[in-house]
Amino acid sequence: MKKKMIETHQTVTSASTMNPATALNPLKIFLGFLLLAMITILSSCEKESIGPDNEPDSLIPDRFMVEIPKSISSGEALKSNQVDTMNGNHIYQHLRTFIAVGESGAELAQNIMLSIAVHNLNRPLELTYISDDDGRAKHLEIVENAMYEDQNWQYRLTISDADGNTQNGHSNIGLQVFWSWNPLSGIALINPYNCDRTTDESYAETNFRIDYSEAGNLGYEAHMFVSISGFPLPNPLQEPFGMDNMKMFVGKNGDKVTIYGNSQHPNAQFFNNETGFNWAFVAAAWENQDMAVAEVGLPPVGLDETDREVLLETYSVYNVLRNQVLSVWPSIDNDILDAYLYNTQAPGYFNASGFVQAGTAPSEDYLPLTEHIQNLTPFNPAEILNLSINFDE
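The sequence shown begins at 315 in the working numbering and counts up one residue at a time.
Be aware that one or more of the hints could be misleading.
With beta-carbon atoms standing in for the labels, derived distance ranges [to be verified]: (1) GLU707 / ILE444: 34 to 42 Å; (2) ILE650 / ASN704: 46 to 54 Å; (3) LEU681 / ASN436: 42 to 50 Å.
Below, in silico cross-link-like pairs of lysine to aspartate or glutamate (DMTMM-like), each with a Cα-Cα straight-line distance of 25 Å or less [stated by the list, open to error]: (4) LYS566 / GLU685; (5) LYS384 / GLU619; (6) LYS570 / GLU515; (7) LYS384 / GLU601; (8) LYS570 / ASP525; (9) LYS570 / ASP514; (10) LYS384 / ASP604; (11) LYS384 / ASP477; (12) LYS384 / GLU519.
Derived from the structure by calculation, the hints contain no laboratory data. No residue lacks a Cβ here, since even glycine has one placed at the ideal position from N, Cα and C.
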């Protein structure tokens with residue numbers, strides 16, 4: 315079996331330099347090759363069935379994520395005709411891209427689970443195969459009763475690079491999933507480098523983690539936490555808003571989807587020399603109505619703070635950008651400053667096409683979402699700075 319803003323005569327921060335969408339490309343490439351590999355591996359495994367009627371059954375969950383409405387999650391490149399204005403398309407539209415990066419990690423875990431589940435594996439097993447991607451031996455194992463983080467799980471699936479336990483000090487595990495049924499809950503851990511060692515070694519420390527639950531213990535019908543650590547930073551001169559760590563919560567009740575979290579951007583700069591910002595955000599969206607509302611704060615990377623007012627009001631988009639502009643151009647005309655800060659008020663409103671406007675709701679239909687996010691708080695930025703994702707070795 316084988317696997318196959320402002321623009322003046324001085325410093326400029328414009329839409330062209332604020333495009334984090336390229337952060338999605340490695341993730342999408344990885345998703346493609348890994349899914350193809352899993353399908354190739356498992357299609358050559360004999361399907362198994364149980365029961366007197368020979369009906370299939372599988373140990374593997376066929377769902378492992380909460381879908382995020384596209385109104386608040388999109389990897390499309392920034393589209394703006396206003397290159398001289400730091401408007402909502404720069405801050406709020408970027409939020410959609412960062413959320414999409416996290417969602418892509420969750421989709422990766424879900425699709426891997428689906429690709430395995432369709433083969434109806436109904437018992438623990440262990441096998442080794444040679445990867446067509448990197449020519450290395452890979453080890454796949456499903457076991458019962460596995461402990462992880464002081465919790466006993468019904469099952470654990472592990473896929474690891476079998477040609478040596480480590481390389482250059484790195485773990486050899488590419489995928490590890492712990493899960494239990496009734497109700498379904500679990501944790502998926504992914505390292506792209508160990509799934510295919512031809513992946514650039516800069517991804518050796520890149521790990522994804524998805525915590526999924528249908529237990530209702532947090533007050534949602536289903537929820538997930540998506541965490542990413544060690545994502546390689548691009549050249550800051552080309553992509554200053556590159557992301558290395560993030561953590562995001564997504565919960566669903568009926569038609570309403572709740573999202574909050576933080577993405578970390580160590581090289582981010584706006585107008586002055588301050589470097590390193592955290593996109594702290596809260597958001598809510600209707601699943602089937604193409605409407606979303608979000609509030610964003612821009613605290614410094616590593617700020618040790620949990621208070622909502624500090625994260626989203628003291629460090630609001632408006633306050634941070636206004637203070638920075640005034641620190642560089644203290645005598646700037648108020649009308650010009652207002653133009654620079656166009657659409658930076660909170661919250662931001664979105665529809666199927668993305669960001670619409672900030673500060674004032676386009677219609678009363680947005681009001682329930684606007685009220686809902688007032689009860690949400692991002693994570694502590696210091697937690698994102700120190701984020702660590704570890705496999706069960």
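I'd like to know which numbered hints this structure contradicts. Please list them from smallest to largest.
1, 5, 6, 9, 11, 12
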